[in-house]
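Number of protein chains: 2
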Amino acid sequence: MKTQINLKEKNKSYTVYIDELDKITLKGSVAIVTNQTVGGLWLKEILGLLECDKLSIISIPDGEEYKNFETLNQILEQLFIAKLDRSSTLIALGGGVVSDITGFAASIYERGIKFINIPTTLLAQVDASVGGKTGINNKFGKNLVGAFYQPEAVYCQSKFLSTLPKREFSAGVAEAIKMAITFDKEFFNFFVQNDLKSSEEIAKVISKCVQIKADVVSKDEKERGIRAVLNYGHTFAHVIENETKYTKFLHGEAVAIGINMANHLALKLNLLSLDELNLIKQTLVKFSLPTHYKIKDCEHFYNAFFLDKKSEQSKIKFILPDGIGKFCVKDDVDKDIVMSVLEEFR
Amino acid sequence: MKTQINLKEKNKSYTVYIDELDKITLKGSVAIVTNQTVGGLWLKEILGLLECDKLSIISIPDGEEYKNFETLNQILEQLFIAKLDRSSTLIALGGGVVSDITGFAASIYERGIKFINIPTTLLAQVDASVGGKTGINNKFGKNLVGAFYQPEAVYCQSKFLSTLPKREFSAGVAEAIKMAITFDKEFFNFFVQNDLKSSEEIAKVISKCVQIKADVVSKDEKERGIRAVLNYGHTFAHVIENETKYTKFLHGEAVAIGINMANHLALKLNLLSLDELNLIKQTLVKFSLPTHYKIKDCEHFYNAFFLDKKSEQSKIKFILPDGIGKFCVKDDVDKDIVMSVLEEFR
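Here the protein sequences line up with chains A and B, keeping their order.
So for the first sequence, this note's numbering puts the first residue at 604; every next one is plus one.
So for the second sequence, this note's numbering puts the first residue at 604; every next one is plus one.
Just chain A, with the same shape it has in the complex (with noise of 0.2 Å):
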């Protein structure tokens, strides 16, 4: 299976690949970037299908907390090395940490050098391999560094899954689920009736997801406007995170929650019915996501929002399901109501 990616700049535009890597042939030198762990596992086989004039190979610690200015420099520095002129590619393999601050290196060396992505989770799968974000956490947020920058391809290979760790799997079903929720009633359905202990309901999740977001990238590029309701979910997720420092829950564990939460917020503006939210609270449930966080102080939770990057100036903009399928936005949500819904969560 294949995913075209079209992009307004048609010379950004690229292919998306899953379960469909048989060979890498590259000119010129290349830098792989992976992590101990997925390097240990999956290193040996991407070497195998890889043809290319000078290879190096650079492992970065495995974590969140890795994400950072400082294991950036340590990249760019063993690029420079290594010699890597602008006709160089760089390959990230691993998870969203490793794609995303690759893809920033990539985009930054010598002002952007070539960047191909492997992701080898499933939240890289279906969230980090369309889109074109890449960036680092710094001590101010999430993400809150970094550039737009589109891979010359990207390959999501099923397989690489059979290692993941269950919870990291859960992680990633989270985020293939926001998707459902917000553009898809057929596919949520998906979730509520497969368990995807199979490889084909996997590569059938992961190219449904790819399909949703190159929809949405290809509106939106550099998310001014639709791009937004990706972050359905996220903007709670955000605020978890960032109390417990990125260490209790995974990304996809938070979204989990957050998504929850929004839907307890849509469920009082009368945008989803009591039975939807509990029917998509379960299906969070069935994949082991976790659902609840106890929020210790709801006003400094509320002023977080305003730290968020996706906010502009004063207001908040919630992206909430409206129905399971469709989304919208609200940005006018009183005080009173978003504070209620937090008392729910204490």
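If you are wondering where the hints come from, they were derived from the structure by calculation, not from laboratory data.
A portion of the hints provided could be inaccurate.
The list cannot tell twin chains apart, which means a pair is met if one copy fits it or any two copies do.
Within a straight-line C-alpha distance of at most 27 Å, the following computed DSS-like cross-link-like pairs (lysine-lysine) qualify [unchecked claim]:
1. Lys605 / Lys745
2. Lys800 / Lys822
3. Lys647 / Lys686
4. Lys630 / Lys918
5. Lys920 / Lys630
6. Lys717 / Lys938
7. Lys686 / Lys605
8. Lys686 / Lys899
9. Lys884 / Lys897
10. Lys811 / Lys788
11. Lys769 / Lys918
12. Lys851 / Lys630
13. Lys933 / Lys717
14. Lys605 / Lys871
15. Lys769 / Lys807
16. Lys647 / Lys897
17. Lys762 / Lys920
18. Lys871 / Lys929
19. Lys762 / Lys807
20. Lys938 / Lys630
21. Lys717 / Lys615
Because the structure is a prediction, the values reported are computed rather than measured.
Start from chain A and add chain B according to the hints.
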């Protein structure tokens, strides 16, 4: 006077205004990045012309040695503290260091916010004002990390040059002469016949350079082809700057020497006559520019070419004049010939 910079992506096109700055009205938060020196001289004037909702001033240390990761990080931190968001604008008020690092910060802050450039040196006005090159230096060389990022607008004020040290003014003239030699014989003669003492003459030089560069950049935004022509003199200059650790020569001064070195190579290849070489040299000298650099170790100097980011793989691409007013690109010059030119500067 104003010149429209047309780029392939229409929404990236912008205007360079020369001596046409009455008022800047901006929505949302604005941060001005400047240095102590320029801030002391011209910030007050700019503040009088600026209308915006919220303003921060960020002052960075003055000097090429501060165009690095550390200063970039400091700028970004201050932007986060000032809570700039995606609707905000970053204004660079200063020379090339300020505009390069500020443009780069604008490109990666929350994956890109608006950028306005107010260059205050002749060099920055004739060169850095057009092209969208932003970036920082590191221990491997100059401008090795950065992005192509276009400003919303550029304002060149010739009055800002009244406080510019004479040496820096001359350095700017070097880049202007560089463009004249490669693109426009008549424009080169303007430097032979005039001394650039009047603001009309200066405005004419800025305008002509902006037009030439705009024309080149429109054809080749990402420097894959013809844009490399603007590197005439720079292949040599970068090595000189590296060897002298950016302390002995201003960039334009190194370019003046680089032009003369390139011309000696052009003479050897029968692309330039001795009379032409001498006329260019005299003109550079007339504007108080250096044309000589004592090379200690020619082999070392030669090898340093390959660290320059514009040379791909093991070919050095020399941009040479083809008479005065035209250029050619040579990537097959024998090492012996290059070495014999370097020997002349030993």
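Hint-by-hint comparison with the structure:
1. Lys605 / Lys745: neither (30 Å within a copy, 40 Å between copies)
2. Lys800 / Lys822: Answer is neither; intra-copy 33 Å and inter-copy 52 Å both fail.
3. Lys647 / Lys686: This pair counts as within: shortest intra-copy Cα distance 23 Å, inter-copy 45 Å.
4. Lys630 / Lys918: Result: close only across copies, 15 Å inter versus 48 Å intra.
5. Lys920 / Lys630: between (45 Å within a copy, 19 Å between copies)
6. Lys717 / Lys938: neither (45 Å within a copy, 30 Å between copies)
7. Lys686 / Lys605: Neither: 33 Å inside a chain and 41 Å across chains, both beyond 27 Å.
8. Lys686 / Lys899: between (50 Å within a copy, 25 Å between copies)
9. Lys884 / Lys897: The answer is within: 16 Å in one copy meets 27 Å, while 74 Å across copies does not.
10. Lys811 / Lys788: Close inside one copy (12 Å), not across copies (60 Å); limit 27 Å.
11. Lys769 / Lys918: Cα proximity of Lys769 and Lys918: none, with 37 Å in one copy and 50 Å across.
12. Lys851 / Lys630: Neither. Shortest intra-copy (43 Å) and inter-copy (39 Å) distances fail the 27 Å Cα cut-off.
13. Lys933 / Lys717: between (38 Å within a copy, 25 Å between copies)
14. Lys605 / Lys871: neither (40 Å within a copy, 55 Å between copies)
15. Lys769 / Lys807: Only inside one copy: Lys769 and Lys807 sit 19 Å apart there, 67 Å across copies, limit 27 Å.
16. Lys647 / Lys897: So Lys647 and Lys897 fail the 27 Å test inside a copy (43 Å) and across (50 Å) alike.
17. Lys762 / Lys920: Neither, since 38 Å and 45 Å both go past 27 Å.
18. Lys871 / Lys929: Answer is within; shortest intra-copy Cα gap is 17 Å, inter-copy 71 Å.
19. Lys762 / Lys807: within (13 Å within a copy, 64 Å between copies)
20. Lys938 / Lys630: So Lys938 and Lys630 pass the 27 Å test across copies only (25 Å; inside, 56 Å).
21. Lys717 / Lys615: both (11 Å within a copy, 22 Å between copies)
Going down the numbered hints, you'll see the structure goes against 1, 2, 6, 7, 11, 12, 14, 16, 17, while the others check out.
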